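Q: Each chain is listed here by its residues.
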Amino acid sequence: MLALFVVLPFVLSGVLAMLVKSDRLAGPIALAAGLVSIGLVGWLYLNNPGMQALTWFTAGAYPITLVTSLSQLHIWFLALIAFMSTMVILYSMGFMDVPSERHAYFSEISFFAAGMMLFAIGADLITLFVGWELIGFASYLLIGFWRHRESAVNAARKAVIVLLIGDLLMFSGIALLWVQLHSLSLAYIEANASGYLASAAALFIVAGALTKSAQFPFHEWLTDAMEGPTPVSALLHSSTMVKAGVFLAMVLLPFLIKAGMGPILIGAGLISVIVAVVNALSSTHIKRILAYSTIEDMGLMFIALGFGSLLAAFLLFLFQTLYKGLAFMNAGELTKANNDEMDIRKLVGSTRLAIIVPVIIGVASLAGVFPLGGFFGKAAVDSAVSNYVVYAVLMLVEVVSSMYIFRWLLVPLSNRARSGKSLYNEPRSMVMAVYIVSIGVVASSLVWPYLSGSSRWPPISLLDGATYTLMLLVGFALSYALYYKRIVAARKMRSILSQLSDISIPINTFYGFVVWVASKCGSAVDEFEYYLYSIVKVCGHGFVNISLLFERTQDGSINYYLVMFIVGAIAAVVIFSVI
Amino acid sequence: MVPLTLAIIAINIVAIVFAAFVRGRAKEISIASAALSLAISLYMVFLFATSGAQSSVTYIPYLNVALSFGLSGISSVLLLMAEIIILVTAVSGNTERAGLLASSALISLFQISAVGLFTSTNLLLFFVFWDIGIVAMFLMINLLGSEMRHNASVNFVLYELFASSMLLLAIILLYAYLPAHSLNIGYITSAAGSLPLYIKTIVLISMFIAFMTNMAIFPMHLWLPDAYTEASTQGSMLLSGVLTKFGGYGMLILFALPIAANYTGYVAALAIVSVVYASFMLIKQKDLKRVIAYSAMLEMGVILVAVAASNSIATEGAVYGMFSQGLSMALAFLAVGVIKSIYDERNIDRLRDIVSGARSTAYMLAIAMLSIIGFPFTSGFVSEILIFFGSTQSFELYGLLPLVGILVMGGYFYHIISRCFLSRSRPTKAGGSPDITERFGFYALSVLIVLVGVLPFLVLGLLKL
Amino acid sequence: MIIEQLAMLLVLLPFAVMILSSCVAIRSKSRRLALWGSLAGVLIAAFGATIVMDLGLSIPLLGYLTVTPLSAFFLFLASSGTALVEILAFRYSEQFQEFAFFMSLSFIGMFLIAAAQSLLPIIIGFELMTVSTAFMMLVHGRKRAEAAIKLFIFGSLAIAVFAFATALILQYNPSLSLSAIPQYLGYIAMVSLALFLVALGFETASFPFNLWIPDVYQGAPAFVTAALAGINKKIAFLALIEVLFFVFTAYFTSFYRIVEVLAIVTMLFGNILALKQKNLKRLFAYSSISQAGYILVGIAVGTHAGLTASLFYIFAHSFMIIGVFAIVGFLESHGINTVDDCNSLYSRNAFIAVSLTLIMLSMAGIPGLVGFFGKFILFTSAISAGMYWLAVIGVLNSFISIYYYARIVNASFQRKNERTILIDRYVQMVVVFALAIIITFGVFPQPLISMASAAASFIP
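Protein chains in written order, with our numbering: chain A, 11 to 589; chain B, 30 to 494; chain C, 98 to 557.
Be aware that a few hints might be false.
Derived lysine-lysine pairs resembling BS3-like cross-links, with alpha carbons at most 30 Å apart [stated by the list, open to error]:
| id | chain 1 | residue 1 | chain 2 | residue 2 |
| --- | --- | --- | --- | --- |
| 1 | C | K240 | C | K375 |
| 2 | B | K315 | B | K369 |
| 3 | A | K547 | C | K375 |
| 4 | B | K315 | B | K458 |
| 5 | B | K369 | B | K56 |
| 6 | C | K126 | C | K240 |
| 7 | A | K530 | A | K502 |
| 8 | A | K31 | B | K458 |
| 9 | B | K313 | A | K547 |
| 10 | C | K513 | B | K369 |
| 11 | C | K513 | C | K375 |
| 12 | C | K240 | C | K373 |
| 13 | A | K530 | B | K315 |
| 14 | A | K346 | A | K31 |
| 15 | C | K373 | A | K547 |
| 16 | A | K530 | B | K313 |
| 17 | A | K356 | A | K346 |
| 18 | A | K547 | C | K513 |
| 19 | B | K313 | B | K458 |
| 20 | B | K56 | C | K513 |
| 21 | A | K547 | B | K315 |
| 22 | B | K369 | B | K458 |
| 23 | A | K547 | A | K356 |
| 24 | B | K313 | B | K369 |
| 25 | C | K373 | C | K513 |
| 26 | B | K369 | A | K31 |
These are computed hints drawn from the structure, not numbers from a lab.
Note that the structure is a prediction, hence the values are computed from the model and not measured.
The shape of chain A in the complex, shown without the other chains (with noise of 0.2 Å):
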């Protein structure tokens, strides 16, 4: 099992940020973890050694079997995560300026980053599933991690138990499957399943994909996941771990189209950009736009699964981790030059060459830009798009989410232009980590096409990209108009606003309903296991008091017993006599 030593680094700087409590050490040895990892990525690449089994144990008569892969889905994925992980721990090494925890912080991160290498190589469901649970916690205890913020700790609980729902859900299918098929390999899933009991499993894993993604309706929790560091929403609820989602379907693709779940896949989807896109237009926190934006990023990419093109997921798939990384990256350079100011409105941009750049390198590859990476993407997934109803809706989205976009840009921009005010000097690390992560961007987008030959990727009609661009300079040029002239009366933009915010209320309620139902159903059922207890009390103490009325009985005199006797004889008499 050569691949699982791609884990390793990883788990060692996990345990030992744990055990060497220093807080100054744990930022280099997560650091080097991260390096050593991105070099064993590399020599896997070049040693491919294919896929790998490993028997763990036996369940009846069949042997539960855990499967790696390092197929090019799989060592992609691997080497992106390798290298944003890295990036995020050189970054937080700058932001993380907490005196105490960062040791906690390190390790938790760390043990993140090897579950999230160990989806990515995982070729069996089980392998997966393991993945799919630790980097859930790892998420639970990162979201939480400012523990003196009631808010941040209600936040990792809302994560935690949609991420169960969809743990379990996903546990559901795999028991459905193995019913059937005796084996959990992806190839013999993808070879041999069928049936209804598939369908509902596939429903269920798709179910489960979804919560892991925060689509529709499972979405509230990326956004209240924002209250953790900056780091963490860049590293996991971009660029990572809200991605696995989409990873399994896409491994599990062929299966899934099989049993008709592409229909719910574009819907999913479908549903989740639109609620995302107005939700991102009304908010007005830095990182929840970013985070609305990476829901719609993951709706995109199940739309495109669900018409059945993986390649052009696939495409979206690797700009949207860099670009995704890189945006929450200057968000919080942004928040931190502002002292942790999350509202756009107030916070100042800067100008300064040093931090625009990638600022704009980011801004502009979300957008899908030409020629950086996201035009790619988002123009491959248009592409993808056969029915016209659903293209017509994307269209619109594309307006709309080109305008979000780049309010989110110019606002603070326009605030800058207007107050002036100077900032001060950003960490060294986190400039660099954001550096590094730029040329990474735009290096993506120039040299995509030359790995593994230009004949694997999907075909970008020009007249999607054409079509594409044109949406988002339309959405540019609204936005600019709105938010950096602020010419159309705000009034009437906030009235528009205003009642967009009101529609997403109802939408991002799903789990208020859930918890309400549970705890309804469980007042219901305590108030039943009060009457059980009751009737069982009373009818123990009406069978108890039947001894103080016969008791009544016993008076001592012995007339009574007399009488008895006599009775008792002449009834003993008599019954004998009748036999």
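Since the structure of chain A is provided, determine the placement of chains B and C on it from the hints.
A: Relative to chain A, chains B and C alone:
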């Protein structure tokens, strides 16, 4: 086998007597006897693994009952689980630091009962040790529990002895109607099919009620919340870790008889109702111990679903699940006991930030809770896989319904972890820390849970023998 | 021949010893002499009984009596019981010499019933037992008079009815021997059978003839109660067995249903009335009524297995109840009369609390103690004979009895700080002996079962 079991029983009797005379050293005596018993049981299991021994000595020829002790795959796993939990209880469980003599004597008594029950191959001996266990537990709750212990213990003993009356009835019927008038379990398994139908039904119903009450399945679960909450830490550890497994073991025996085959669906339905019921009761509880108590009820419901599924994976899952649950519950109750002794508080609303004040305890309780909900790398994960694969095989989609209960319970557990362990707003003040004996218990149990979770063949290998 | 004569001597010698020693003791006012004399006599009798049981002898005596292993079984039981009661009485009775005298008379009566070969010795034996016991009570003061008089009145009534029943079948059985009377004798025989049941029902505490028991048990001093419940009742069971199975063997199919109903009702009556009982003596009186019901189960079954079970349970219960009343007497002497008074008994005297708990657990049928095996073989024999309801109700009754036993255990193990009570040597001796029997035969019941089985084989 017989001399070994009798040796364990003798050691424990000696320990009880010794402890009565040398009161000051009672705890050391009970630890020594528990350790010795564990060693002997390991040897017994080893003997069983290598040569499959089972032996008997004439006991009551009149009743055709022989003192026969032996092990099977299932009972060896459960025996080891019981021994380990009893040892840990003897060493670490006394978080209240009270009642040394009584607790030592009763732990030894309980040990006798557990060893006898899991190694007996004769239903009458099974019953004898069952009742001894119930009496031991009754006394433990009555003597060593907290304020409401009298009510709780009387409730407990009434329910449990009702269960044993039902079991006795079934035993009497079997004895009278089986052609060979023998109560050997192997013989019963093979011959029970030839009984007249009404006898089979009565035996099935009474044995089912007996084991179901012991496992605390709805609606015979009313003894559980009070008994667990009012018992001392040792009492709760033994109750959840070992006593309810008596019922589980009995259920496995019952479902191995050819009389229950037509009713597995109904049994599974009842078990699912019990699981969901327990989960909804659980989320309304504020006392940490009560929460764990209801989770114990929930888990036994899941085990019953696995037993009812009656296929090889599910049976393995049931035994593995009992092993895993036994350890996890013991760890959970130990941790709760330590929390109570450190913070003097068990109420969820008032506990905060345990991870700063009592770090190892918090980790241990977290490990226990995660194991209960089936987090990977703990034994709970493997048991969940086995149980649900098995139950889906027999009951298709309905076999997945207990997951609802696990979801609700998991949600509340995470709520507790968030609020009580992690949240740092208004932290509660810690007064002390776990001492070396409690740490021993923590590490022993948690290492086992993780070890068996990563290397399941340790248990499964034994099971398949 | 020699052996038999020796055995006869061994059996008759004790009476002489006991009577003589007690008379001398009354005269010389020496308690110790009375005690040693009685114990010596009783021990000789027990020894003789063991020989008879071991060798399976059958010794005719004086034409009306025969000592069979069955009689020896009961003789052994009576001897051990009497010994224990004497020890208790020695400790607590002020008029011990008189007590010893009456106990000897009662013992003779027991022997007569045990060895009876005709109905006449049974009548005489009952007279002896009842009158002696009544006097035993009276001797201890006027407070006991009510109990003594009740016992006397009902006892005499029962004996009278018994005599009348005997007379009824006189024509078929001129020698009054315990041999079977022929079937189809119709009306008269049935009436006779009914009346026998009535009379013996009084003695053996069957409903509805047992209403006197709680009052009498409560009113008598504890050691007399122990004797009453432990020994007298058991001998009465023997008489019942003798009458039913020796005389009326041919009528088994007629009467076993009635006995079954009697058993059920007695069990329920005893258990239900004990549930809310506060006074310890009364509670155990009701408890012993329900235990008598269990013994009736075995008699109702009537097969060899059933009778073995009855005999086993008779033996076991005798010691259990003597142990219980020893403890109750001890508690009474320290002012503990009700269940509530038992609070924190464990902290006051651990030995008493633990032994009381053990004996009660045995009566409830917890395995490891002799009561369990007794009930087990009773119920299995019932089901083997096809009487399901007996078994089911029996099992349920065991469960019901848990409630009141648990209440006492609950009270005794509460933690309060009160004065310690020191244990009394004599009571401790008795209780330890009783516990020894309970635990030993609880774990190794086979010897007792064999004994009972051998004895039962003498019943046709």
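Q: Next, verify each hint and record whether it holds.
A: Here's how the hints hold up against the structure:
For a cut-off of 30 Å, the pair hint linking C:K240 to C:K375 stands: about 21 Å separates their Cα positions. Distance restraint check for B:K315 and B:K369: the Cα-Cα separation of roughly 14 Å lies within the 30 Å cut-off, and the hinted pair is therefore satisfied. A threshold of 30 Å between alpha carbons decides the hint, and for A:K547 with C:K375 the separation of about 21 Å falls inside it, so the pair holds. Distance hint between B:K315 and B:K458 is fulfilled; the C-alpha atoms sit about 19 Å from each other, no more than 30 Å.
For the hint linking B:K369 to B:K56, the alpha-carbon distance of about 21 Å falls within 30 Å, and the restraint holds. Of the supplied pair hints, the one linking C:K126 and C:K240 holds, its CA atoms being roughly 24 Å apart against a limit of 30 Å. At roughly 42 Å between alpha-carbon atoms, A:K530 and A:K502 are farther apart than 30 Å, so this suggested pair is violated. Distance hint between A:K31 and B:K458 is fulfilled; the C-alpha atoms sit about 23 Å from each other, no more than 30 Å.
Between B:K313 and A:K547, the direct Cα distance comes to roughly 22 Å. Compliance with the 30 Å bound is thereby established for this hinted pair. Between C:K513 and B:K369, the direct Cα distance comes to roughly 24 Å. Compliance with the 30 Å bound is thereby established for this hinted pair. Taking the CA atoms of C:K513 and C:K375, the gap is near 20 Å; set against the 30 Å cutoff, the hint holds. Between C:K240 and C:K373 the alpha-carbon distance is near 26 Å, which keeps this suggested pair within the 30 Å criterion.
Taken as a hint, the A:K530 and B:K315 pair is honoured in the structure, with Cα atoms around 16 Å apart against an allowance of 30 Å. Taking the CA atoms of A:K346 and A:K31, the gap is near 26 Å; set against the 30 Å cutoff, the hint holds. Note on C:K373 and A:K547: the hinted pairing holds, with a Cα-Cα distance of about 16 Å set against a maximum of 30 Å. A hinted pair counts as satisfied when its Cα atoms are at most 30 Å apart, and A:K530 with B:K313 qualifies at roughly 10 Å.
For the suggested pair A:K356 and A:K346, the alpha carbons sit about 13 Å apart, so the restraint of at most 30 Å is met. Our distance criterion of 30 Å between C-alpha atoms is met by A:K547 and C:K513, whose separation comes to about 28 Å. For the hint pairing B:K313 with B:K458, the CA-to-CA distance comes to about 25 Å; that is within 30 Å, so the pair holds. Of the pairs offered as hints, the one joining B:K56 and C:K513 holds, with about 23 Å between alpha carbons and a cut-off of 30 Å not exceeded.
Between A:K547 and B:K315, the direct Cα distance comes to roughly 24 Å. Compliance with the 30 Å bound is thereby established for this hinted pair. Restraint check: the Cα-Cα separation between B:K369 and B:K458 comes to about 12 Å, which is no more than 30 Å; the hinted pair holds. As the CA atoms of A:K547 and A:K356 are separated by approximately 64 Å, the hinted pair breaks the 30 Å bound. In summary, the hint linking B:K313 to B:K369 is supported, as the alpha carbons are separated by about 20 Å, within the 30 Å threshold.
A distance of roughly 24 Å separates the Cα atoms of C:K373 and C:K513; the hinted pair therefore holds under the 30 Å criterion. About 28 Å separates the Cα atoms of B:K369 and A:K31, which keeps this hinted pair within 30 Å; it holds.
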